[in-house]
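When you get a sec, could you build the whole thing from the sequences and use the hints?
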Amino acid sequence: MRRIFAMAAACIALQGCANLGVQPWEREVLARDDMQLDANALDTAFDDHIYFSKEGTSGGRGFGGGGCGCN
Amino acid sequence: MSPHDSAARGQTRLARIATALAAGALICAGSGAAPADAPSFDLTRHQGKVVIVDFWASWCKPCRQSIPWLNAMRARYGEAGLEVIGINVDAERGDADRFLREVPIEFEVIFDPHGELAKEFKVRGMPSSYVFDRTGKLVQTHLGFRDAKKDEKEAGLQALLRQSIQ
Amino acid sequence: MADKDLRIGAALAAATCSLLGTATPGASIAADAAAKWDIDSAFLYYGESDDRVRDLSLSAHATRDFGDERTLGLELSVDSLTGASPSGAMATGGPQTFTSPSGRDTYSTPAGEIPLDDTFLDTRFALDGSWSQPFARLYTVNAGLGFSSEYDYQHIGANLGLTRDFNLRNTTLSAALAYAQDTIKPVGGLPLPFAQMTDAVGEDQSPGSRGDSSDDKTVFDVLLGVSQVLGRNTVMRVNFSYSDSSGYLTDPYKILSVVDPVTGDLIGRTPAPGASGPTGVYRFESRPDSRSKQALYAELRHDFSGKVLQLGYRYSTDDWDVDSHTLESRLRLPFGGSSYFEPHVRYYQQTAASFYRYSLANGTLPEFASADARLADMSAFTVGLKYGHATAGGNEWNARLEFYRQTAKAPNEVLIGNQIGHTQMPDFDAVILQFGYHFKL
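Chains as they are written, first to last, in our numbering: chain A, 256 to 326; chain B, 484 to 649; chain C, 211 to 651.
Note that these hints are calculated values from the structure, not bench results.
Among the hints, a few may not be true.
Footprint (simulated), chain A over chain C, 3 or more residues, beta carbon under 8 Å [what the hints assert, rightly or not]:
(1) 247-257
(2) 446-459
Derived EDC-like pairs (lysine to aspartate or glutamate); straight-line CA-CA distance at most 20 Å [unchecked claim]:
(3) C:K619 with C:D531
(4) B:K633 with C:D275
(5) C:K246 with B:D630
(6) B:K636 with C:D278
(7) B:K620 with B:E566
(8) B:K632 with C:D278
(9) C:K650 with A:D289
(10) B:K632 with C:D275
(11) B:K632 with C:E279
(12) B:K605 with A:E281
(13) B:K620 with B:E637
(14) B:K636 with C:E279
(15) C:K395 with C:D362
(16) C:K517 with B:D578
(17) B:K605 with C:D375
(18) C:K619 with C:E323
(19) B:K633 with B:E566
(20) B:K636 with B:D616
(21) C:K246 with A:D288
(22) C:K650 with A:D288
(23) C:K596 with A:D288
(24) C:K395 with C:D422
(25) C:K619 with C:D637
(26) C:K517 with A:D293
(27) C:K517 with B:E575
(28) C:K517 with A:E281
As the structure is a computational prediction, the values presented were derived from the model and not from experiment.
Don't be surprised by glycine CBs; every beta carbon is placed ideally from N, CA and C.
Listed below in structure tokens is the structure:
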């Protein structure tokens, strides 16, 4: 369990690097539908439903972020 | 970028932009003039008018609302001295052209595919618009476009248009 | 009645997977300003090998854009289930007879085969609604409600979440909470833990091994996530989730074979004179009444010249000792200007629950035990291909075909006597076929 927290903390600490990323006008690829973190939502919902019923673990995907960064 | 801390630099900014653009930007009245024929651009020629400089891109979803609104403002207040200049930041000109076929633009467009002008203006989000008063001073910056704030922004423009040049 | 977990699972999936974390994706850019509804619909067929479970499912996700980033999401799905699934009893050298879940009939399994109990035709409805809106320039709040219902299972859930952007929207932090309340009311009532399977009874009597007719389960979830733009063509996210379930977590239809503690052979039984019933000693399973789970999920999306690679990894651990690794990848390959192929692979691996047993030794009962292969040492592999085609109007037809193979293993520690080297696990293959249409109104 401590390993999970350590991994998570490391990942979150990495995200803290404020110079990682792109300028607001450089998001043409990130704005595309197929680059959204929630693309394939319907497929994923079906899959999660099947795998939850057939396996011992479920969930964890999350939401938010990426995209065109507009407004 | 608040109107206050950039007020003093508004005038200098125009001059700097004029120089940067003279080096190779394009002007297009929305119909895709060939680069080689484009005259060099000078923002200071709009002095005496209220100028909105709007950064837009084909992939920017709120731009599909902001551009028709800017078209409407230009149509309504052009006679009264409002000028609108759109700066497109698409890396691929083809994407911008495709967008223009769906959402026509009725004001001047400059193409900034390498983001030089965007960097100059320190654009912090898409779309961004910068409003200059009749003296060429940057007085308002709008980050993003919200339908709910349209009337408030229009009232702001009316106030600026009522000001006369000192 | 088999495959309750498909329903229990679906209900929980509705509460966590579909509400928590996939709420209201923004509507895609509308070519026409008047197109406000974005609808993704699909029909799915799932079929397992050897006459086991078959599922037909119809699903629609609709998103309505109200302007200024305010979005309503609605998800409706209907599932129809048939087939048989393993009851948890082990295969033996001779034929076996069991009493059905209703307690009124019996069913039999031929010698040498894994006992499966028949699912009757069952339909499940699920409806989820969610709302998302900004409340300051960099903040988005979202909330959702979910409901699902089938003849023996009801679910209701709610979720609330917040996201905040940083670094010119290159970084997004998200946090969400979800709460769900489920009620299970199995056919024949809830069996008492480890109650022995009794003879079938007539229409006017109730089976002796049953206790209450229904019970509840509560699930609480927390999700914390970070997504980060890594470059012009790359975005990633990392989520940490915590899930706590309490209440009735046992599968009321699953049993264990009771065996001789030395030989590992099934203990035989004779039904009462004039009655029909089990020919062996079988006991209903019993799981703990709480389960606490943590998971870490990381995903990367990378574009290279129009092709998109998606790579995801999830590690999950819980206090039932079910630890799992999931590795998944998709690669979208556009071609011909308006079509794409998307191959997909997934590998899954889990360790057995601490109370997983292949069978139950006759004598002192353990605190908890289950022979459900879904709690065994198990691995699974999926390989699939999706094809999509965009129409002139900007809508999309797509089709997806996938193959799934699951293999389970009983750890040696849970095997007794002659079972060692002679286990039969209910491994299976399944095919998934999906047809979808994504359109705007």
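Against the structure, the hints:
1. 247-257: holds (count 5)
2. 446-459: holds (count 6)
3. C:K619 with C:D531: Distance of about 15 Å is within 20 Å: holds.
4. B:K633 with C:D275: Measuring from Cα to Cα gives roughly 18 Å; hence the hint holds.
5. C:K246 with B:D630: Between K246 of chain C and D630 of chain B the Cα gap is close to 15 Å, so the pair holds against 20 Å.
6. B:K636 with C:D278: holds, 15 Å
7. B:K620 with B:E566: It holds: about 14 Å lies between the C-alpha atoms, which stays within 20 Å.
8. B:K632 with C:D278: Roughly 10 Å between the alpha carbons, so the hint for K632 of chain B and D278 of chain C holds.
9. C:K650 with A:D289: Roughly 17 Å between the alpha carbons, so the hint for K650 of chain C and D289 of chain A holds.
10. B:K632 with C:D275: OK: K632 of chain B and D275 of chain C at ~18 Å, within 20 Å.
11. B:K632 with C:E279: holds, 14 Å
12. B:K605 with A:E281: Within the cut-off at roughly 13 Å; holds.
13. B:K620 with B:E637: holds, 18 Å
14. B:K636 with C:E279: holds, 19 Å
15. C:K395 with C:D362: holds, 5 Å
16. C:K517 with B:D578: Holds, because 18 Å separates the two Cα atoms, which is no more than 20 Å.
17. B:K605 with C:D375: Between K605 of chain B and D375 of chain C the Cα gap is close to 18 Å, so the pair holds against 20 Å.
18. C:K619 with C:E323: Roughly 17 Å between the alpha carbons, so the hint for K619 of chain C and E323 of chain C holds.
19. B:K633 with B:E566: It holds: about 17 Å lies between the C-alpha atoms, which stays within 20 Å.
20. B:K636 with B:D616: holds, 14 Å
21. C:K246 with A:D288: holds, 16 Å
22. C:K650 with A:D288: Since the Cα atoms of K650 of chain C and D288 of chain A sit roughly 14 Å apart, the hinted pair holds (cutoff 20 Å).
23. C:K596 with A:D288: holds, 16 Å
24. C:K395 with C:D422: holds, 9 Å
25. C:K619 with C:D637: Given that 20 Å is the threshold and the Cα spacing comes to 9 Å, the pair holds.
26. C:K517 with A:D293: The hint holds at about 17 Å.
27. C:K517 with B:E575: holds, 17 Å
28. C:K517 with A:E281: Holds, because 18 Å separates the two Cα atoms, which is no more than 20 Å.
Of the numbered hints given earlier, the model fails none.
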